[in-house]
Every structure is written in C-alpha cells, then in structure tokens.
Amino acid sequence: MRMETTEFIVVLVTSPSEGEAEKLASRLVEEKLAACVNIIPTSSLFRWEGKLSKEDESLLIIKTRYSLFHNLEKRVKELHSYQVPEIIALPVVAGSKQYLDWLKESVSES
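Going left to right, the sequence shown walks through residues 1 to 110 as my numbering numbers them.
With a Cα cut of at most 25 Å, we get these calculated DSS-like pairs of lysine-lysine:
(1) Lys54 to Lys77
(2) Lys74 to Lys23
(3) Lys74 to Lys104
(4) Lys23 to Lys77
(5) Lys77 to Lys104
Quick list of simulated restraints, FRET-style, between CB atoms:
(6) Asp56 to Val93: 30 to 36 Å
(7) Glu30 to Val84: 22 to 28 Å
(8) Leu52 to Ala94: 35 to 41 Å
(9) Thr5 to Ser81: 30 to 36 Å
(10) Val84 to Ser43: 15 to 21 Å
(11) Asn71 to Gly50: 32 to 38 Å
(12) Pro41 to Glu4: 32 to 38 Å
(13) Leu45 to Trp102: 34 to 40 Å
Honestly, the hints are just simulated from the structure, not real lab data. We put the beta carbon where it would ideally sit given N, CA and C, even for glycine.
Use the sequences and the hints to build the structure in full.
And the structure:
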C-alpha cells in the first residue's frame, strides 16, 4: 500500500540547550527555511563514542517544505554546536488545508 504525502515535512533536531534551540529556530524562521518551530524540553539516551550517555536537550520540531530540506540541513549544520546533530525529516501525509496553505506562504519557494 502506497501512502500519499504532501509537499511538506517535519524535521526533528535536538539541541544541547533551550538558548541554542531558540537561536537556531529564529534563524530558520527569519531565513524562511521554516514556517514554524516548536521547542520542547526533552531527555535523550544514546550511545556516543562507545558509552551510554544521557543528556537534557531541547527538541526542535520544524515545519517546512520538502524542497527546502537540503538548505535547512546545511544551515542547521552551520549553526549547531554538536559534531553530529540529529536532523531527521518525516513526511506530512495530511493536514488541515488552512494550516498547510499558511505553511506554504510562510517559507521560501525552494
């Protein structure tokens, strides 16, 4: 079964602090690489350099167009303090027409 998708994606990025997350979110929205970014405090467990690590982080939930992903990814890597930042894109399979229209108007064309 093939799932249809919209032209939009949600990108997940973690950040070591709320301050860094807010700066990153502001730049992405100002540069029209994102329509909206939610910032949520979170706790992450992961393996890094062979050891189990636990960190308090901020999760950025970024709404944008699929066509902007590579520019957004490049910008996140330029601004992020992590050596290997989490940058994961998920398709938006559906959404309210009004919200998706607003999202489309709020970001660059490509």
